[in-house]
Amino acid sequence: MKVLLVEDDAAIGEGVVLGLTASGLTVDWVTTGGQALAALANPAYSVVVLDLGLPDMDGLDLLGRARRQGALPPVLILSARNQPQHRVAGLNLGADDYLVKPFDFDELVARLHALHRRRLPSQGAQFSLADLTVDPLQREATLAGTPLALSPKEFNLLAALIEQPGVVRSLPWLEDRLYAWGEEVASNAVQVHLHNLRRKLGEGWVHNIRGVGYKLARPPAPELPDD
Amino acid sequence: MMGRLLRFQAVSVLVTGGLVAVVTFWLTWQSLNASRNHTLEQVAYSVVRHGLEAEDPNATDPPDAGQFVSQIWTGDGRLHFSSTDDDGPPRQSPGWHRLTWDGTDWQVFTLVEDGLTIQVSQADDTRTQAFLRTVPWVVGLLAMVTLLLYALLSAAARRSLQPLAQLQATLGNPQHPAQLPQLDTQPWPRELAPLVDTLNNVFAQLTHSRAAHAHLVARAAHEFRTPLAALKIHTQLLARQPDATQQARHQAHLLQAVERLTRLVNQLLKLAELEEPDHAEPTDTFDTTAWLDAALALWQPLAQAHGVQIVTTLEPGTRLSGKPQTLHAALDNLVHNAIRHSPPGSTLTIRAQDDAGHHRLMVEDHGCGMAPSQRLNGGVPDSTAPNHAAHSERSGLGLAIVRRVMWLHGGTLSLAETAGGGLTATLQWPRATAQPDAPAPAPPPPPAPT
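Protein sequence lines, in the order shown, are assigned to chains L and B. In the numbering used here, each residue's number is its place in the first sequence (first place is 1) plus 3. In the numbering used here, each residue's number is its place in the second sequence (first place is 1) plus 1476.
Take the hints with a grain of salt, since some may be wrong.
[As the list claims (entries may be wrong)] Think about it this way: if two alpha-carbon atoms lie no more than 20 Å apart in a straight line, the pair counts; the simulated EDC-like pairs of lysine to aspartate or glutamate are:
1. B:Lys1708 - L:Asp11
2. B:Lys1708 - L:Glu110
3. L:Lys218 - L:Asp179
4. B:Lys1708 - B:Asp1719
5. L:Lys203 - L:Asp138
6. L:Lys156 - L:Glu143
7. B:Lys1708 - L:Asp107
8. B:Lys1708 - L:Glu143
9. B:Lys1708 - B:Glu1752
10. L:Lys203 - L:Glu110
11. L:Lys218 - L:Asp138
12. L:Lys156 - L:Asp179
I should point out that these hints are in silico values taken from the structure, not numbers from a laboratory. Computed from a predicted model, the values in this text were never measured in an experiment.
Construct the complete structure from the given sequences, taking the supplied hints into account.
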């Protein structure tokens, strides 16, 4: 899951980035409304965390402009304002959730996952395909009940693919989901992770649609031996 | 109040009644004496008119027998007639006399006519008894009048004070316990209208003051939440972070958050100090260059940390007058705000001017500026707007301190857009009246991080 953080306070911004990254999320951090509008042109974000007190524009104005600009991922407002009228104004203007500072970090992570799940066809806490199960919050993946030993990037890759099984994801889309701004990415990094994931899952799970991208699909049933 | 008024009325009525009684008795006594004296004269002249022949020793006594003593002396001094069994009071010279005879005081009128001396006398006891017979009537009447007057005055007082009782009931039972009433001016008597107007003005000022106080508390709470959030995030992450380098980053943020909270607490304390009614730092005229240089030394570390350069522009020989430490508190908040909102590499300019009897201190930055509506409102965001949370980072305790300092100096804070973008805050206050020059005072020491 990739998060766009819009927060002008350095201490909070850096803390949220460090904490979400440690929780396995990919985070891009911007400090102004203008930067946020530019970043939202990228459709890779699963959730937006939005502070209201931005230096160049009101966070709620940003929300309205982003909604008019096009499809907007779920938005969680992170604000020091805790009065009901502020929450109501934020939710009425299109935010999906509202969290008051100071907040519990685990609650923030849980709410982000919940917002992300809400947009997906499967809205359970876990994603499943056949006997493959992925729990993004616990960061656990099992195949036929056996835990898979995945690196953080491999886990994120699997989570990105299993969110909507059968949907083909391009390499740039996967790269956007896996990496934040400023991370050094080798040209074939995603393919390396895909290769490792295929090896750990076994044949038939990750399919390459030539020239388009990759998708996760139920492996074909093994052919019964002829008697 | 009602009891005191009634007691005052009762005492007034009693004193008035007493005075009226005394005057009445005195006038009655005077009238009685005049009447009796006139009677004495009439009796004497009657004897003269009717002559001695008219005196009939066998005649029955008139109704007033015993009240007067009539005596007649012939020309040779022989007592010809006396209405008493004895000789009666001694003969007097013509005219009025007071004398004591037979142990009693007498009023005597003596007339000499045609060789005869006619003398008519009356004992004071007789007069006093006649007078005392009127006393119960006069006292009774006065008592009745007094009681009637007291009852009427009490009723009038109760009726007149009824609006005050209504006013008290209205003030004592507001529609909402936390709400100050606004009284209608119509139902009150004309005499109470100024009081009601004054009360309404006081309530309006109190309401405004309470709203400002509530707004300030809300702003303070809002400003505390941001460093508290940073404190909470980094404390939680620090406990989970095994890497020493990452731990050091969290610790650095924790320290920064604590310093921000300390500054906020110091701002609150400064504001409370400025709000005290007996806040009285003496007014000085001081060398602005030395004053600003000392303050610059305090601001430079923060400016360098943000990559902001501070430039001062002073007219030569500028000397400011006012409360130097209080003014420093105002400028310190403006400069801190400007540094925090200036982009790295930008310049922050402080100008000091002194002309036309006014001082001006200006802080110009090239940061993100402030929303026009908030700028025109002296930095106070429009609380009626649903999104007024934005653009309010500069509207907290710092600007509240600045506004208070300017209020103490009889000056103003104005905010404008800097040419090319940013915010220019201008402090303007009138030059203080002539005071002996003082050396440049040192600004207060920076708050010690705890």
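Checked hints:
Distance restraint check for B:Lys1708 and L:Asp11: the Cα-Cα separation of roughly 17 Å lies within the 20 Å cut-off, and the hinted pair is therefore satisfied. Only pairs whose Cα atoms come within 20 Å are accepted, and B:Lys1708 paired with L:Glu110 is accepted, the gap being roughly 12 Å. Proximity of L:Lys218 to L:Asp179 is assessed by CA-CA distance (about 16 Å); at most 20 Å being required, the pair is judged to hold. Distance hint between B:Lys1708 and B:Asp1719 is fulfilled; the C-alpha atoms sit about 19 Å from each other, no more than 20 Å.
Proposed proximity of L:Lys203 and L:Asp138 is supported: the alpha carbons are some 17 Å apart, at most 20 Å. For the hint linking L:Lys156 to L:Glu143, the alpha-carbon distance of about 13 Å falls within 20 Å, and the restraint holds. Note on B:Lys1708 and L:Asp107: the hinted pairing holds, with a Cα-Cα distance of about 7 Å set against a maximum of 20 Å. Between B:Lys1708 and L:Glu143 the CA atoms are separated by roughly 27 Å; this puts the pair beyond 20 Å, and the hint is violated.
Our distance criterion of 20 Å between C-alpha atoms is broken by B:Lys1708 and B:Glu1752, whose separation comes to about 34 Å. As the CA atoms of L:Lys203 and L:Glu110 are separated by approximately 32 Å, the hinted pair breaks the 20 Å bound. Between the alpha carbons of L:Lys218 and L:Asp138 the distance comes to roughly 19 Å, so the proposed pair stays at or under 20 Å and holds. Note on L:Lys156 and L:Asp179: the hinted pairing holds, with a Cα-Cα distance of about 12 Å set against a maximum of 20 Å.
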